[in-house]
Every structure is written in structure tokens, then in C-alpha cells.
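Please build the complex by placing chain R on the supplied structure of chain Y, with the hints as guidance.
Number of protein chains: 2
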Amino acid sequence: MAKLKPHTLSGFMELLPAPQQQMERMMSVLRETYALYGFTPLDTPVIEDAQILLAKGGGETEKQIYRFQKGESDLALRFDLTVPLAKYVALNYGQLTFPFRRYQIGKVYRGERAQRGRFREFYQADIDIIGDGALDIINEAEIPAIIYRTFTRLGLKRFCIRVNNRKILNGFYAMMGLTDKSQDIMRTVDKLDKIGAEKVGEILTEDAGLSPEQAAEVLRFISITGDNAAVTAALEGYAGQNELFDQGLEELKTVTRYLTDFGVAAECFAVDLTIARGLDYYTGTVYETVMLDHPEVGSVCSGGRYDNLAEYYTDKKLPGVGISIGLTRLFYVLNEQKLLNPDLPTAPADVLVIPMSPQQRGYAIAAATRLRDLGIRTQLYSEQKKFKAKIAYAAKLGIPFALFLGGDEEAAGTITYKNLNLGEQNTADFDTAAAAIRAELSRLNQGSVIRE
Amino acid sequence: MAKLKPHTLSGFMELLPAPQQQMERMMSVLRETYALYGFTPLDTPVIEDAQILLAKGGGETEKQIYRFQKGESDLALRFDLTVPLAKYVALNYGQLTFPFRRYQIGKVYRGERAQRGRFREFYQADIDIIGDGALDIINEAEIPAIIYRTFTRLGLKRFCIRVNNRKILNGFYAMMGLTDKSQDIMRTVDKLDKIGAEKVGEILTEDAGLSPEQAAEVLRFISITGDNAAVTAALEGYAGQNELFDQGLEELKTVTRYLTDFGVAAECFAVDLTIARGLDYYTGTVYETVMLDHPEVGSVCSGGRYDNLAEYYTDKKLPGVGISIGLTRLFYVLNEQKLLNPDLPTAPADVLVIPMSPQQRGYAIAAATRLRDLGIRTQLYSEQKKFKAKIAYAAKLGIPFALFLGGDEEAAGTITYKNLNLGEQNTADFDTAAAAIRAELSRLNQGSVIRE
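Chains as they are written, first to last, in my numbering: chain Y, 687 to 1138; chain R, 687 to 1138.
Check each hint, because a few of them may be wrong.
As the list makes no split between identical chains, a pair holds if one copy fits it or if it spans any two.
[As the list claims (entries may be wrong)] When the alpha-carbon atoms are kept at most 25 Å apart in a straight line, the in silico DSS-like pairs for lysine-lysine are as follows: (1) K867 x K742; (2) K749 x K689; (3) K885 x K867; (4) K756 x K742; (5) K1082 x K1003; (6) K843 x K880; (7) K742 x K1003; (8) K1104 x K1072; (9) K689 x K1104; (10) K1002 x K691; (11) K742 x K689; (12) K877 x K749; (13) K1003 x K1071; (14) K1071 x K939; (15) K1024 x K1082; (16) K1074 x K1104; (17) K880 x K867; (18) K1072 x K1082.
Simulated from the structure, these hints should not be mistaken for lab results.
The shape of chain Y in the complex, shown without the other chains:
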């Protein structure tokens, strides 16, 4: 029979077993941390009615979306987890309790041009808090605090959550009489990191039609830097001229104050006036998160405050705040940069049970069952191979312990166990052996997923 060449589509991440284990650990940390803050898990379909997903329409979305017919239906794959959330909340409004806090970790699809490190299928890990009519400002501080705990638990240290407030930007543009150009300006300013101040100035005057003085003022404003106290002080200089600006400044001060209450280390968050989040969707606090040693990666976790989650589906006013970790991209970068902790076990099992002859299979099965009862991941090795091949199997997979069960062990009711990392071999009764194995496993699994 002619064989088909096996391949995986380009732009689709498919990991070998060891890195997949690391990815699973990251997902566990995300699930657990999100749950610690009272977020409930959701799971919405990957396929939705194309009309629902494209309610907003326009832009890159429409070009990149995977859309197709099945029978009479016009279907599409979700391109983010926010639109499905909006649909879900509008659909189930009467059965939900607000504030509604949900997390979702799921795959989304964008038919982008394939390039290194860009994915067409990728995980997003989102948290959102949705209010019914109103939502307290404290939530805008809790969201980055959750990300802080998440990244810290993952083992990431060199990161910074950058915070800004859209009202400050919009208020500033209003003061300067540039409200009708503010979208263009923010889209341009968003590129500051990539193209530099000079180029931004050029675009602002040539394309957006600002006077050189206006462009200079915009650049001066977004260049306000320093620690949070210094930035806030500089912003106070603009206060009293525009209500929206003043409101935004008040919110920013409140959020930064609460961030400290939530225990977020000062070096892990910074007010940054260049952050606007390209989308017109955000109305208040906005976030981006960068890895300090890898600014070229861009933001690995972004989000913000919005006023109307589900405006395309309902008249209900549903303000919210949310943030999204680009998990697949983050994992890709961590792996490329060799930041995944190589000392954490990635083996499929903790113990390989090897009966020394077929006569000991019953004894081996019983031992394996008891280890599993203790929560120890145990594989029974039962292929007819030479002893050396069995040990090589454990070594190749990185399984830390092997159990050798022969006639002597069965007769005496003992276990011979070998720590394959250290080469140490012992024989003991089951409980002693299991306790020793557990102690070593807990030591091996102590570290965090990321090691900078």
C-alpha cells in the first residue's frame, strides 16, 4: 500500500511527550490560580454561528477567521474567547449571578500568515469579571494581581505588568482638541516600541494630520516615565482641565494603590502611558505584560476594562474587566529561550515495575496497584525483553524509579527499588519502599515550571 507522508499543519503546535508534560504543568498552575480567586471554569464550543462571531465585523478578524459551510449553516471557528463569552452571558443572563467571574483556557484560531513563533491554533487563558450594570474599580486591581500570582507560581520573575487608563488618554486628547483623531493617534503611539519616537512623530504629522506642535506635545506626554509616584505626579500637572482625564487619573491612582494591597511587588508593575491596546473596546484601565529580558516577544498577557461586553446581543449594560494570557506563544518563547526548568520530571510515570520473570506478574500487578493507591504514577513493564532493555526504557523516558520483583522478593514479600538518577538500590518491605519513593518524588517535583 502506498503510504501518505505523515505531517502536521504549519502554524499548529504539536509537542513531543516531554514538553507536553511541561505545558500541562503550566495549564494546571493557571487553572488552580484562577480558581483560587473564585473564577468558575467555562467551556464554550470551538465552532459558532459565523454571524455571532462576526457581529462586530471588519478588520483583521474577518480576513483571518476560519469560516465554512456545513449543510445550510454558515460556521466559523472562534478567534478569541471574548466573543463567545459575550454570547454566553447574553444567552444565559437570567441564570448567571453577577459579578460573574469565569476563566476559560481554550484553543482559538486565526489564519495568520505562517511565520516562526506565530500560531494559527493557539491557547488563550482568559479571566473576566462581568458586572450587571456596574463593577467596582477594585476588580481592575485584582485582575493584574491574579496575573502576578500566576506568573510568580510559574516561576517567572523578570516580568512587568504595564498599566494605563484609556480615560487619561482620551481626556488628554480632548484637552488638545484631538478627540476625533484619538483612535488614529493611539494606534500610532502603540507602535512606539517597534518604530521609535521619530517615526511616530512623522506618522502623526503626515498621516494623522497633527501640527508639529501637537505631535511634539503627544510625544512629550507619552514620554512621561519614572516610578509610579513620579508618573502620577507628572500627570497631576495636567489635572483640572478635563473631567474624563481627572476621572482616569483618580482610577489609575486607586488601581496602583490596591495593587500594593494585593501584594504585587513594586518592580512587577508600572504605569506606562504608551499602552493603549489597539482596540476601541477598552474604556478604562488597560494592561500589557512584558518579559523584561525578551521585549521582542511583545505582550504575553493583555486586557483591560470595558463598558459593554455584549452590546451586539443585548441591551443590558454589562461592564467588565478581563485579561488573557497567550499561552501557546508564551510556552513557545519559554521553550526557545530554555527557560523551562529541566529538573522537573517529564516522565510519563514515577515508577517502572519490572517483574523479573512471568511468574512474578501477579506479585508485580499487586505492587503496582498499591503504589497507585498511594497516588504514585506507576507503569508495569511486561514486554518480553532483556533486562538491559527494560532499564534502558526507564532511562530513556526519565522514569526516576525502577522496581525489580523476582522470586526472592515475592517469597519474602519485599520490594527491590532503584533510584535511577542516583543508581542507589535497596530492598525493603512495601511501606518502607513506598515512603522512600514518595519522599524523593516530592523533592523532585518541588521546583517551578519556569527557571530564569
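Okay, now just chain R, sitting in the frame of chain Y:
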């Protein structure tokens, strides 16, 4: 703005938060149990090259598959997790270690006619063990033993894993000179439960072209029932006439013997000669699993032994054995039949922390942080609402504990906590309060997901 009516596609399960929590618990049990047996998690793309997925071609698959173009590419959504596994193993053969044991829990897609309880997007939860050239028979007993432990941990008691061996069936048909008709016969016999013996006999004579004597003999053979010893004894009566039959009988006896060694309760497995699994893919042991009180549901977990996992992609001989739980369907049935344990908490949080006035927000944040450090899922309630509304929020979500933190508590450094199920309220220092809350939470979370 005109609103779009929010809706979810029919045939796509989308759960409310409380049932979703139960689904998550089920998935955790599956992940943990599979991992306990040394299976490594895999995550393959939802989209594959249509050519890869349809390598085998024909039948229902081609009709039901979601297939579409994107640019120049002919793409399709996976309709099971076996074909992607075959591709994965063929693609990564050189980097995998055999026997290769993997689990995958993922969504698959079949554009079936929509009907109650049938899904177009559904989770399968698969385990497979793939050998390189050979695979020991003991694996064919371990697979149902894993399912036994999984279902038992879920809390399911009234189920039966039915086991058969294709070699026995093929050997029997060979004895009777019916080899060329065996596929037709097995497909018909597979419907015995649904249409009854008489109708099966009719189809066998009228459509499959068997003589009435042959049809009677087939029906007699598949009617062999009783406990495993009785069935085996009856099968011995056919021994010595066909090599394949004898080999199959030997395998069946070995598998049932090991099943006992693995601790599978006798009432939870049964040799059943009517099980053939419609697919020509299986070559040895085959399994189906039924819920004894809900036979109408059909098999909730099926699989078997195959000789060539990846024959469309490689010349390597890769025999394996695997089984798949139809998780979405199983969950649907459990929910419909009210078998999900209603006493297990489904709230998004264990504790709702309520600062009695904005002055206590700092104290409340600190208390929430300490509870989270202990692994207690804690939500801070910070909306400006009446006290009654805050309590109603906790009650509506089923959050078991509320913390009331007022000026007195802050001044004394204490916590007032209320068990909302029992209505009991206490004030104590943090450690005492946290210990009491943890003890009650561990009691509340003790049960299994399913309660029959």
C-alpha cells in the same frame, strides 16, 4: 443598534457554571487516573490536513466530517483521536519510546443529524498503548482495569465491561465456511441488543445469504451466556477445529485471568460473544462498557486490540490496544438521569470575603490572600450593595462560607466566619478560622462525582 439573537449551535454542549464544575471534576478524575498508569498526555491539533484524516476513507466518516478550504489548503476537523494518534506516532516514531502509552482528552467533530443526546462536538477521553512490532497480551487486561478504576473513582457502580475476542469470532466463522461473510454477519450480530434475535436471523438469511441452519448456528453461538467460567467452558467445546479460534480462546482466558489479578470486581466484567465492534480495525480483544441500569444508552466506553495503528502512514508494524470514553455523552446521560452527586460543591469559590465597609478593604484583601495561600478558593466581594444582597450572592452561588470583616474584626485581628449551609457563625483568630473552614471543605468535597 439592532441586536443579534445570541444562540449556541445545536449539537454543541455548552454548560452552565454548576454542571461545568461537575464536568471538570470528571475530567480531573480521568486525567489523574490515566496518569496513575503511566500514560503521558498528548494534545494534537483540532484541524488536520483532510488527506491525513481521510487516509482510510469511505463510510460515515467522509459524510460526517467537517471539511473546508482555507487559502490553498484542504482542511478538516478531527472526528476521533485515533487517526491523529496514528499520524503522531508515524511522524515522531524515532523520538518516541515504545511501548508508547498516551492519553488524550479532546474534542472531536462529527456532523451527525442533530437529535437529543447526540453531539456534533464532543469529548473523547482515550488511552492507547502502542508497541513497536509486538505488544504483550497483559496490556489487553490492563486497559479495562484502568477503566474499572476510572469509573469506580467517579462513583459509578452499576456498569459492566464486556469483553470478547475477534479471533474467536473470525475462527468460528472460518469453521463454518463463512469467512467471506464474517464482516456482514458481525455487523448484523452487533445489532442484537437493538433489534432482537429473530430480526438478526432474518437479516442473516435474507440479506447475508446464510442457510437457515447456518443462521441458527450463529445465533446459538452468540447466545452462549453465563458467568465467565461457563462461557469459557462452552467455548472449549469448539476448540481444536481452527487455529485462530484456539488462539483467541487462549487470549480471552489470559485476559480474564489478569483482570482478576488487576482487582477488577467479577460483576464488572463479562465475556460477551455478541461484541464485535463494527470496525474491521480490531484484531483481538474488544471491549464495550454499558451502564447496567441504562442499556438504552449503548456503550459508553469501547475499544480493543489492533495490529497496525498507522498503516496508512508507515511500514512499521505498530500493534496496540486502546479504549475511548465518550465523555460528553456520558456526562449528558448522568445529568439527565440525575446521577451527578448534588452534594458536591459546584460554587466558584469556597469563601466569600465581605468587608463591612470600604475601610476594611485592606484588611479583607489581606485575609483573602492568606486564605488563597492555604489553597482555599476565595472571592473578595467588593460591589457597593446592601449586606443582604451580598449574602444572597453567596447563597445563590452555593458558596459555603462567608467572612464578615468589620472594624471590630480589624481592630482585634480576628475573622468572623459563617457556615452558610448550617447558619453557624463564629469569630476567631485567622488560623483557627482557616482550620475550621478547611476541615468543613474537606468534608464537603469528600464524595464522588457520581452517586447512583
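*Which of the numbered hints are not met once you compare them with the structure shown?*
Failing hint: just 9.
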